[in-house]
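J.: So you can see what is in the structure, the chains are spelled out below.
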Amino acid sequence: DSGVTQTPKHLITATGQRVTLRCSPRSGDLSVYWYQQSLDQGLQFLIQYYNGEERAKGNILERFSAQQFPDLHSELNLSSLELGDSALYFCASSLGPPDEQFFGPGTRLTVL
Amino acid sequence: AQSVSQHNHHVILSEAASLELGCNYSYGGTVNLFWYVQYPGQHLQLLLKYFSGDPLVKGIKGFEAEFIKSKFSFNLRKPSVQWSDTAEYFCASRNSGNTPLVFGKGTRLSVIA
Chain A
1 DSGVTQTPKH
11 LITATGQRVT
21 LRCSPRSGDL
31 SVYWYQQSLD
41 QGLQFLIQYY
51 NGEERAKGNI
61 LERFSAQQFP
71 DLHSELNLSS
81 LELGDSALYF
91 CASSLGPPDE
101 QFFGPGTRLT
111 VL
Chain C
113 AQSVSQHNHH
123 VILSEAASLE
133 LGCNYSYGGT
143 VNLFWYVQYP
153 GQHLQLLLKY
163 FSGDPLVKGI
173 KGFEAEFIKS
183 KFSFNLRKPS
193 VQWSDTAEYF
203 CASRNSGNTP
213 LVFGKGTRLS
223 VIA
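In order, the protein sequence lines correspond to chains A and C.
In terms of my numbering, the first sequence has 16 at position 16, counting the first letter as 1, and numbering is strictly consecutive.
In terms of my numbering, the second sequence has 194 at position 82, counting the first letter as 1, and numbering is strictly consecutive.
No lab work stands behind these hints, which were simulated from the structure alone.
All figures in this text were calculated on a predicted structure; none of them were measured in a lab.
Heads up, some of the hints might be wrong.
To be verified - The list that follows gives simulated cross-link-like pairs (lysine-lysine, DSS-like), each with its CA atoms no further than 30 angstroms apart:
#1 C/161 x A/9
#2 C/217 x C/173
#3 C/183 x A/9
#4 A/57 x C/217
#5 C/170 x C/181
#6 C/173 x C/183
#7 C/217 x C/170
#8 C/181 x A/57
#9 C/161 x C/173
#10 C/161 x C/217
#11 C/217 x A/9
#12 C/181 x C/217
#13 A/57 x C/161
#14 C/183 x C/161
#15 C/170 x C/183
#16 A/9 x A/57
#17 C/161 x C/181
#18 C/217 x C/183
What the hints assert, rightly or not - If you want the footprint, here are the derived chain A segments under chain C, 3+ residues with CB under 8 angstroms:
#19 42-48
#20 100-108
The beta carbon of each residue, even a glycine, is placed where N, CA and C say it ideally should be.
This is chain C alone, in the form it adopts within the complex:
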């Protein structure tokens, strides 16, 4: 069965620090990859997605992620975080086509002034 691992349970950063959240997936075939964000008290929102093509994916709010097939990784990055980025971040994968999303356990990001 597919699985998604997020290495960090809780990350605490100061404003303007750079962010990298790790994500590894287990499926070896053609895979679609996603990062979702859940702000406190809100629903999950899609930050970015990778289906095919350029492995460096740009998302909303200055986030980007890089798909490295050889490492089964899809790490999320942001050069300079803001207090408003405080949220829970979920990596998800699925086989291409009609399969459900498999989510990682999430990484809680706290940005302090």
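In isolation and in its complexed conformation, chain A is listed as follows:
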């Protein structure tokens, strides 16, 4: 157990819908990262937050957004869902940006 929790574990929804994925970092970690893992693209970095502020952005679509709240948990919002958004979404946390990242168990999103 890495100490990073993600909910829900599985999510099945329809195209066009909106979902919210939640991540709680390890106690004391200030940085949160979101990654998408799909068969064709592999593990891709989406976005990073540090102590509530956006720090870095990767291949995140405009339909996706995220935020980190004062209690340091983070939410990833995916809207206007398409079939191709079906993937495993991982959250990771670290003490700070240069430190080792610890990964959560992931949320498996299936868009039908």
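Go by the hints and put chain C onto chain A.
T.: Frame of chain A; chain C shown alone:
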């Protein structure tokens, strides 16, 4: 942009065989390198990391990796694999400092009895 290449998509080995998984990264500056493992149905776990110093890095569960700067490589090795090493292995790199990890596509290792 940075990229990480893992040469083998799927490796099948018998128990007690030696393992070497290839990883090449593209960034030419100061780089941090990582190997993560993902056991079936589980989250990614860090096996080992290289930031600086001795290029031969020892990790958990008997794994090691060697950083060869001239070859832009960071290959993962284990002298004798066990059935429990069956998993997906990911190499990752980043510029030193505050940059996100760039992952390779992963290598699936299947260890058979």
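J.: Which earlier hints turn out false for this structure, listed by number in ascending order?
T.: Number 3 only.
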